Each structure stands twice: as C-alpha cells, then as structure tokens.
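Protein chains: 2
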Amino acid sequence: MPISQHDIASPNVETAPVPVDICADRLKDLKTAIDTQDVDTAREVLRELHYADKAELLNLLDEEGRQELTAMIADSFDKDILPELSTEAALDVVETLGPDKSAEVLTQLETDDAIHVMGELSPETQQDILNVAPAVLREELEEGLSYPEQSAGRLMNKRLICVPEFWSVGQTLGYLRERTDLPENFYVIYITDPKFHPVGRVTLAKVTQSQLDVSIASIMEEDSYAVQTTTDETDVAFQFWKYGLVETPVVNAQGRLVGTITVDDVVDVIHREDEKDLLQAGGVMSQDIQLGVPETLKQRFPWLFINLLTAVLASFVIGLFEHTIDQLVVLAVLMPIIVSMGSNAGTQSVTVTIRALATRQLKPSSYLAAIRKEVVVGLFNGLGFAVIMGVCAYVIYHDARLSIVFALATIITLGIVGLFGALIPLILHRLKVDPAVSSTVFMTTVSDVFGFLIFLGLATLVMM
Amino acid sequence: MPISQHDIASPNVETAPVPVDICADRLKDLKTAIDTQDVDTAREVLRELHYADKAELLNLLDEEGRQELTAMIADSFDKDILPELSTEAALDVVETLGPDKSAEVLTQLETDDAIHVMGELSPETQQDILNVAPAVLREELEEGLSYPEQSAGRLMNKRLICVPEFWSVGQTLGYLRERTDLPENFYVIYITDPKFHPVGRVTLAKVTQSQLDVSIASIMEEDSYAVQTTTDETDVAFQFWKYGLVETPVVNAQGRLVGTITVDDVVDVIHREDEKDLLQAGGVMSQDIQLGVPETLKQRFPWLFINLLTAVLASFVIGLFEHTIDQLVVLAVLMPIIVSMGSNAGTQSVTVTIRALATRQLKPSSYLAAIRKEVVVGLFNGLGFAVIMGVCAYVIYHDARLSIVFALATIITLGIVGLFGALIPLILHRLKVDPAVSSTVFMTTVSDVFGFLIFLGLATLVMM
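Here the protein sequences come in this chain order: A and B.
Terminal number for the first sequence in this note's numbering: 533, no gaps in between.
Terminal number for the second sequence in this note's numbering: 533, no gaps in between.
There could be a bad hint or two in this list.
One copy or any two copies: either way a pair holds, since identical chains are not told apart in the list.
No farther apart than 30 Å at their CA atoms in a straight line, the calculated lysine-lysine pairs in the DSS-like style are these [to be verified]:
| no. | residue 1 | residue 2 |
| --- | --- | --- |
| 1 | Lys264 | Lys148 |
| 2 | Lys97 | Lys432 |
| 3 | Lys97 | Lys148 |
| 4 | Lys311 | Lys148 |
| 5 | Lys432 | Lys100 |
| 6 | Lys432 | Lys501 |
For the record, the hints were derived by calculation from the structure and aren't laboratory data.
These numbers come from a predicted model, not from an experiment.
Start from the sequences, fold in the hints, and give me the full structure.
As structure tokens, this is what we get:
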C-alpha cells in the first residue's frame with residue numbers, strides 16, 4: 070500500500086488538516102516552471118508529493134502543459150502516477166513518453182494498474198505499446214484486455230500468494246520471507262488444491278498470530294467469496310461493501326484461481342460509479358470544474374439540447390389546447406403546478422427504483438409488486454394533494470368545475486408518473502442500459518407531456 | 070475480516086453468481102417460522118448465512134417480526150449482526166435483548182462497531198446499557214460517544230498494534246504470536262516513540278517479507294496520514310480514496326496515537342454518504358423499497374409539499390401576467406420551454422459545484438472564479454439556444470418581437486441560473502448545511518420564478 074513522505078499532517082501538531090489544498094497551491098509554481106522550461110524547479114515542486122497529488126497536478130494542466138512537463142521529467146517518471154491519471158491526461162502522458170518508455174513504466178506496475186492504464190488508451194496506442202513490450206508484459210496485458218471492460222478480470226492483480234493445504238504456519242512465513250516476486254501488499258493468503266482451485270483463505274494477521282507448527286489448513290476459512298473474471302465490477306464492489314471484504318479471489322471459468330482483487334481497487338470503482346451516476350444524471354462530467362468555458366460548453370450543450378426537444382414536445386401538447394387556454398387563462402397559471410408535482414413525484418419513484426436495483430434489493434420476482442406500489446403511492450399522494458390544491462383553487466377562483474379538474478388531474482398525473490417512475494428504470498435495466506444515466510430524460514418527458522395533457526385535456530372536456 | 074461459510078459461489082462451478090437473491094428467498098420461510106413460533110426452523114434459515122445477510126433479513130422484517138425473531142434467537146445472538154442493522158432495526162433488537170444482554174453482545178464487538186451501534190440508539194436506551202455495562206466497555210463507549218457524530222473518533226478502533234522503534238522484525242512477529250488481545254484483523258503495525266506519538270508504520274506484508282534480524286525502524290515508512298479524532302468522516306474517506314489507504318492512525322489533540330481506522334469502515338462511510346445524497350435529493354429514504362404504502366406516503370409527502378409551495382410561488386408569478394397571457398396565449402405555450410431549460414442548466418451548475426466541493430476540488434480561493442465561470446457558461450449556452458429557439462419560434466409564429474423576447478429571455482434565464490447554481494451550494498456549504506440535500510429545492514424555486522418572471526416580464530414590456 071502506498072505510503073510516502075508527503076506532509077499531510079504531522080501527528081504532533083494541534084490540527085491535522087486533510088490534504089485539500091496541496092495541488093492548487095503548487096499548480097502555479099509548476100506552470101511557471103513549465104513555461105520557463107525550468108526542470109529543477111519542476112522537480113522540486115513534485116519532489117515531496119504523493120503520486121496521487123502528482124497525478125492530480127497533471128490532470129489539472131492543459132494538454133500542452135502535460136506534454137511539456139512529461140518530457141521534462143520523463144527520465145525519472147514515477148510509475149504510480151499513471152493509473153491515477155484521467156483518461157485525457159493518460160493519453161497525453163503516454164504519447165509523450167513514447168511506446169518504449171511507456172512499456173518500461175507499465176512493466177513496473179501491478180497487473181491491474183497496467184491494464185487499467187492500457188484501457189484508457191486508443192487501440193492504436195495500445196498496439197504501439199504491445200509491439201515493444203517484453204513478452205511477459207505483453208501476455209499479461211493482452212489477457213487483461215481480453216476481459217470485458219468493467220469486469221473483475223480487469224480489476225484483478227495476477228500476483229497473489231497461495232500455498233498448499235499441508236503447509237504449516239512456519240513454512241508459510243518462511244516462504245514469504247524468501248520469495249522476492251510477491252505483490253507489494255497483500256492481506257490474505259489463499260490455500261489451493263493441486264489443480265489450483267481455491268479451497269480456503271487465511272488473513273495475514275491470523276497467520277502472524279498463530280504458532281509456527283500449526284497447519285495452515287487448520288486456521289483457514291473455507292473460501293466462498295470467489296468472483297469470476299467476467300463478473301461486473303459493480304457486483305464485485307457490492308460484495309466487498311456488503312461483506313466487509315478486503316481482498317477476494319478471482320477464478321476463471323474452470324474454477325482455477327487466476328487473480329485477486331483488493332479493496333483499494335474497489336474503492337476506486339465505487340467512486341467512479343457514484344461520480345458517473347451523479348454527473349451523468351445532469352449531463353456533466355467529473356472534470357467539469359477544471360475545464361475552460363469552451364470545453365464546458367461542449368460537454369453541457371448536448372444534454373440541454375436533448376432537454377430542449379423534451380420541452381418542445383411538452384410545448385406542443387400545450388399548443389394543442391391553445392384554444393382552451395385562450396378562453397380560460399387561469400389554466401396557464403395552474404398548469405405548471407401539476408407538471409411540477411408530477412416531475413417531483415416521478416423523480417422520487419425513479420430514485421427509489423434505481424437505488425433498489427443498485428443495492429440488489431429489487432429482483433425480477435418483485436418487479437410487479439414494486440410497480441404496483443409506486444402507482445398506489447402515487448394515487449394516494451395525488452389524493453392528498455388533490456384535496457389541498459382543489460380547496461385552495463376553489464378559495465381563490467370560486468369555480469367548482471375548475472377545482473375539480475385541478476384535483477382530478479393531480480390524482481391521475483401522480484398515478485401515471487408513479488407507474489412510469491418504476492417502469493422506466495426497470496425497462497432500462499432489462500435492456501442493460503444504466504438506468505441512473507438515462508431515466509431522468511424519459512421521466513421528464515413523461516411528467517411534462519402527461520401533466521399538461523391530463524390537466525388541459527380534462528379542462529377541455531369538462532369546462533368547454 | 071469477516072469470512073463465513075456462506076455459500077455465495079463455489080469456486081469450481083461454471084458461474085459465480087453474486088449474493089443478490091439470498092435474503093428475499095429466505096424471508097418467506099423466516100416469516101412463517103416466526104408466525105408459528107418455530108424456533109428450530111428460524112435457526113435453520115439463519116444458520117448458514119453471513120451476518121450481513123442475517124442483518125438484512127432483520128431489516129426487512131417489520132417491528133413485530135424483528136422483536137419476535139430476536140426473542141427466539143436471543144440466547145445465541147450473533148454479535149456481528151448488530152452493526153449491520155438499520156437504525157430502526159437496531160433499536161427494536163436492542164430493546165428486545167434488554168440492557169444486560171445488549172451490553173454483553175457489545176462487549177464482544179470491536180470498539181468502533183460498538184460505538185456505531187450505540188450511536189443508533191436513543192439517549193435513554195444508551196443510558197440503560199451504560200448503567201449495566203462492565204467498567205471497561207462503559208469507559209470505551211462513553212469516550213467514543215463523546216466524539217462528534219460522523220467524526221474519526223467514532224469510526225476508530227482503539228485496539229491497534231504498535232511497537233517501539235528499536236525492535237527487530239523477529240521481536241515483532243514474536244509479540245504478535247504471544248498477545249491474545251489483538252484486534253481480529255489488522256494490516257499495519259505502527260511504530261511509536263515513548264510518548265506514544267506515531268513515528269512510522271509498516272505493512273504486515275512487509276514485516277512478513279523481511280528477515281528476522283532486520284530492525285523495524287529500517288523498514289518503516291514515516292507516517293504522515295494521521296487524522297485527528299475530530300476529523301469529519303467524509304474527509305477521512307476522501308483521504309483513503311485519494312491515497313489508496315487500507316488503514317490510518319488516529320491521534321488526539323496532543324498527537325498521541327489513540328486508534329486506527331480501517332478501510333472497511335470507510336467503504337461504509339462512502340456508501341452512506343452517496344445513499345444519503347442521492348436519496349435526500351429526491352426526498353426519499355434508503356429503506357423506501359421495503360416500506361409499506363402508509364410509511365412510504367409519510368416519507369414522501371413532506372418533500373412534495375415543499376415542492377408544492379415552490380410551484381405555487383411560480384404560479385403566483387404567472388398570475389401577475391395573467392392579463393398579458395390573456396392577450397397573447399402563445400406565451401403560455403412557450404413559457405414552459407424557458408423554465409425547463411433554466412431548470413436543467415441550473416441542475417448542471419448545482420451538480421458540478423456540489424461535486425467539486427465534495428471532491429475538494431473547489432476551495433474558498435476559487436469560489437469567485439467558479440461563480441464567474443457558471444455565469445459565463447450560462448450566458449454562452451443561453452446565446453446558443455437563443456439562436457436556435459428564436460429562429461424556430463419565428464418560423465412557427467412569424468412574429469419578430471415574440472422571437473426576440475423568447476431569445477433574450479433564454480439568455481438572461483440561463484445566466485441567472487448559472488449564477489445561482491454556483492451560489493446556492495457555496496452558500497449552503499459555508500453555512501455548514503449539506504448542499505447535496507437542499508440545493509435542489511432552492512434551485513427549482515430560482516429557475517421557476519426567474520424563468521416565468523423574465524419571459525413574461527419581457528413580453529409585457531416589449532409586446533404590450
């Protein structure tokens with residue numbers, strides 16, 4: 070596990086700040102050093118930093134700055150920076166380093182990190198690196214890249230510790246001391262049978278706390294957390310979270326132990342997922358805050374454009390009732406209330422359904438019950454608000470028919486958005502589309518179109 | 070780290086399902102067993118389950134079911150279930166177990182887990198347990214509860230491994246083998262000076278890979294990741310994620326090592342945070358999918374009611390321009406488009422700002438720049454859409470003044486929501502209110518009110 074000299078909080082000072090401001094403070098110095106091609110200063114700025122902070126600085130620079138800085142520090146490039154870079158930064162750095170140097174750096178990384186970096190590159194750049202990579206690395210990378218994106222195979226480290234069942238604790242500790250090709254850090258020792266099928270595991274802590282003559286088999290726990298190389302990374306993350314795992318074995322289709330996934334990789338997955346969900350729901354990207362205005366516009370405009378189409382559709386529905394509104398302008402005053410209630414109630418249903426899918430609380434057998442519940446909740450909420458809103462409308466406008474239309478529209482709209490609020494994520498999930506990303510657009514369309522249609526339609530029927 | 074017999078995926082089968090459906094499948098059997106007071110069947114259902122799954126089953130039962138089941142299995146209650154329970158379930162279970170049995174179970178837990186459980190209980194129940202708890206436990210719990218909620222002090226485990234600088238690897242390993250009061254799992258050994266200030270750390274993996282006569286000081290890394298007992302848990306989680314930590318020391322105000330936080334606790338924090346953010350943004354709760362209709366209504370109604378007030382405010386704004394709309398009903402057709410664009414652009418700004426605050430990319434020194442950027446992006450986006458929407462409106466309605474009003478309103482609205490989209494989360498953050506929870510309400514109010522006000526106001530000025 071990475072530990073550096075980086076001065077975050079000297080333990081004997083009164084306050085221990087978290088490492089918040091390091092990068093921004095040094096970015097300016099670094100930019101000056103790059104502009105003046107001052108290699109010594111650049112090195113000085115980076116010298117005491119943790120590799121995650123170095124990577125953040127590279128992420129914060131623009132393309133040109135990244136390329137210049139990489140060229141300046143290429144001969145002593147810190148390998149651990151690579152896996153921490155954003156996709157764009159990784160591309161710039163690898164292209165500047167060139168295939169030979171990149172392959173050299175990748176060789177020093179653990180398998181999962183090297184594969185992660187390769188996954189960020191274009192197929193051409195990948196091929197350039199594979200062409201010059203040493204045979205062992207090439208094989209590892211090609212195997213890693215052969216697993217589906219976001220699968221356990223991409224996350225796993227191929228270097229792991231496994232010992233046979235008949236060994237003692239003393240033998241195991243002796244083996245650890247002698248071997249020099251072990252991973253940098255590990256928490257678990259796997260016990261495998263002669264065919265390399267995992268039969269159990271024991272934590273390193275337990276090994277060190279046991280007497281030397283005790284057999285490994287007697288302190289191991291039967292292993293039941295193995296994931297397949299093809300398991301989706303979000304399923305892996307869920308398993309780590311639910312069972313509080315620190316490390317889990319990965320087996321291939323034949324059940325042979327082929328790798329191990331550690332919790333630090335999973336923390337990255339969780340963060341990536343949440344970031345993706347949150348930001349894609351608004352059509353913005355993780356790096357947004359660091360982008361310039363033109364890049365930001367390029368990111369955000371398309372999402373707003375899709376929304377414009379939705380809004381135009383809603384507007385078209387209103388247009389159908391232009392005549393009704395012309396006769397009864399109060400409808401224009403009240404209609405946004407119905408749509409707003411529908412949109413919020415729909416968001417509630419969508420949010421609950423997405424979350425229940427993500428936390429595995431919702432399975433195919435309970436889809437129907439979930440949909441029914443959302444409709445019923447929608448209708449009851451609708452009933453409650455129909456009374457409140459109907460009475461208020463009557464007090465203000467003294468028009469019984471208007472109040473009844475307003476109240477009825479509320480009930481029906483909330484029922485319909487409840488139905489679609491459950492249906493949309495479930496259908497997207499079935500179609501293997503991430504519901505967190507695209508449910509919002511569909512839900513907005515439904516609540517806008519139906520909200521206006523029901524209220525104005527009812528008004529036309531009853532009041533015209 | 071918890072490992073059980075739980076049969077998730079036998080490693081030598083072709084497919085390794087993740088543990089998705091276990092609980093729902095067994096819930097029915099369990100309910101029947103509870104209804105018939107069939108203790109043997111209840112035990113049978115629970116027997117081979119991981120404690121996280123047992124806890125999930127308890128979470129899924131209603132209050133009565135939880136109490137009955139707890140009473141049925143009280144004499145062999147699995148201690149590890151407690152920290153995994155939801156707040157309501159923990160309360161029901163602890164009340165059923167009674168103070169004496171609860172204190173007995175808490176004694177067997179690690180400090181952080183025991184404190185977490187206590188934190189879920191009411192002050193009265195806490196006091197009942199403290200009154201009967203053994204002195205050591207009482208002291209630990211009282212100390213733990215004295216730290217602010219969601220601080221590192223609440224997360225830390227007080228049992229940790231630390232050795233003096235002058236020890237050798239052999240001495241250290243001997244010490245681990247002899248001690249019996251060590252934590253169940255640990256990944257790091259801390260090295261402290263005589264005053265108990267941490268001076269360094271070494272991973273257990275590195276200790277086991279070093280020769281026995283090597284001194285601990287020569288393989289340790291200087292420790293610079295210490296957090297204070299008062300550090301906020303989200304700051305701790307950020308540090309774990311950014312630096313890929315597995316364990317971090319916790320020091321008190323005097324810089325003395327008082328505890329250690331492990332990554333599994335942090336994974337829980339990350340999950341809690343994300344769940345909270347996602348769900349509170351929609352006014353719904355994590356357990357929603359499992360609630361009955363009446364409880365669900367109780368959860369969701371208040372959020373919709375707040376939204377109703379917002380919508381009424383927007384409706385009031387439209388009402389001010391009733392006369393204008395009466396003369397020009399096309400305004401009612403077009404106005405939802407402006408508001409919808411404003412609402413979506415505002416959401417983008419809010420999302421980006423909240424995320425930048427959460428990932429520590431936005432610091433007070435760059436607040437002004439962030440606000441300026443959102444306004445500029447809003448105005449440019451507005452300009453783009455003004456052209457598109459203005460031209461379309463002209464093509465449809467052949468009314469130059471209407472098209473100009475429509476276009477101008479778009480630009481101004483998107484500029485204003487950009488301003489508030491950055492301002493609202495920043496102000497809430499300054500006021501120490503979680504911006505992820507309450508920004509949405511304010512943003513909706515702003516985009517609704519200003520959207521209608523600007524479009525209808527401009528129309529009244531220019532066209533009436």
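How the hints compare with the structure:
1. Lys264 with Lys148: Answer is neither; intra-copy 35 Å and inter-copy 37 Å both fail.
2. Lys97 with Lys432: between (51 Å within a copy, 15 Å between copies)
3. Lys97 with Lys148: within (24 Å within a copy, 53 Å between copies)
4. Lys311 with Lys148: between (33 Å within a copy, 16 Å between copies)
5. Lys432 with Lys100: between (52 Å within a copy, 19 Å between copies)
6. Lys432 with Lys501: Within. Shortest intra-copy distance 14 Å satisfies the 30 Å Cα cut-off; inter-copy 38 Å does not.
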